[in-house]
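Colleague: These protein sequences, in sequence, are chains R and A.
For my numbering, add 24 to where a residue sits in the first sequence, where the first one is 1.
For my numbering, add 93 to where a residue sits in the second sequence, where the first one is 1.
There's no promise every hint is true.
As the list claims (entries may be wrong) - Distance ranges between label pairs, derived from CB positions: (1) A:H214 <-> R:V126: 52 to 60 Å; (2) R:G35 <-> A:M94: 27 to 35 Å; (3) A:E204 <-> R:D142: 18 to 26 Å; (4) A:E204 <-> R:A77: 44 to 52 Å; (5) A:V201 <-> R:G35: 33 to 41 Å; (6) R:V62 <-> A:D212: 28 to 36 Å; (7) R:D177 <-> A:A130: 27 to 35 Å; (8) R:G149 <-> A:E96: 37 to 45 Å.
Please keep in mind that the hints were generated in silico from the structure rather than gathered at the bench.
Note that the Cβ used here is the ideal one computed from N, Cα and C, for glycine as well.
Residue-level listing of the chains:
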Amino acid sequence: MNEWYMATLVGRDRPGIVAAVTQALYEAGCHLGETSMVRLGGNFTIMLMARCAQGGLLETLEPVADRLGLRLHLDRIEGRLHDHRIPDVRVSVHGADRAGIVAQVTGRLAEAGLDILDLDSDVAGSEAQPIYLMHIEGLATQGIEALEAALADLDAGITVHLSPIETMIG
Amino acid sequence: MVELDILTYPDERLKQISEPVERFDDELREFVAALEAKMRAGPGGVGIAAPQVGRFQRIVIVDVSGHRKVRQSHGRLVLINPEITEWEGLEVGREGCMSVPDYTGNVVRAERIALRACDEHGQSHEYRFEGYEARAVQHEIDHLDGLLFLDRLVSRRSDLFRRKVYR
Ligand SMILES: [Zn+2]
């Protein structure tokens, strides 16, 4: 089996894209690894780990991408499966949308030892009054107290909740 | 003591419904000891159910006392023929399972439960559990009914439950 690639597909969203892309991969004998699909600003976006018995990933995906009006990008990656890390802290942030909110919050968290495993953010509210929301799961490599301290004097109007994730293994 | 092997998903036997225990004898107690040893051998394992080692009887062991941040618990619990008699509240929490390697996910469980169960001598007890310990007990009892936490996953992205707030 050949190496892993990361395929990125972006374009106007419509029903059936995931089915069409994964069917093409299946028919070409390719294997799927971890994937993440999300709709961002009305766009379809997916990143998927794939590997093929023959090096035909580009040949396999290009016709589907063309047919569905998607842009395709492929990268050879150093990747492996069965290597999940378990987050121990969840951070949720909300506030009025404004420049620099992500940079400010994530900058402080990074300095205090947060290793982000997963992040998604969104803009809600209305055009006149947008609200910014962000959810992060990660590893507090210097403890949750360090993260709390780092966020203690954030700008007013940004609300941050930190909660430990206690994973129960049974 | 016999070394027990953990069945792992997608082993079909994990879907089997376990039978109540009827005989509380030395053989049962020996099995409970071996099951407990298996639970303690796993990294971070705070619970185990008999069907996870291929014995389809309603036996679970839970001990969350060694887990960091658990302030109070019942310590080592052998719960045989357990029956949940009361549920209260809902809470999202993250779970993993010795039978499902390399995966953890969010599951909704009752925050507090009341339970009746026998110990390994056949003595009946009543308990009240909450939080992390209640979660462990519910996870293990699911195994007795052929259910895995994978059957109860809720999406991370739609996780809007507010948990303990620290500031
Ligand atoms: Zn389990």
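Colleague: Each of the hints needs a verdict: does it hold here or not?
Modeller: A quick look at each hint next to the structure:
1. The hinted window of 52 to 60 Å between A:H214 and R:V126 holds, with their beta carbons roughly 58 Å apart.
2. Roughly 60 Å separates the CB atoms of R:G35 and A:M94, a value that falls outside the hinted 27 to 35 Å.
3. Between A:E204 and R:D142 the C-beta distance comes to about 25 Å, which sits within the given range of 18 to 26 Å.
4. Taking 44 to 52 Å as the suggested C-beta distance range, the pair A:E204 and R:A77 conforms, at roughly 49 Å.
5. The beta-carbon spacing between A:V201 and R:G35, approximately 35 Å, falls within the hinted interval of 33 to 41 Å.
6. Checked against the hint of 28 to 36 Å, the C-beta distance between R:V62 and A:D212 comes to roughly 49 Å, which is inconsistent with it.
7. Checked against the hint of 27 to 35 Å, the pair R:D177 and A:A130 fails, with Cβ atoms roughly 50 Å apart.
8. Between R:G149 and A:E96 the CB atoms are about 58 Å apart, so this pair departs from the stated range of 37 to 45 Å.
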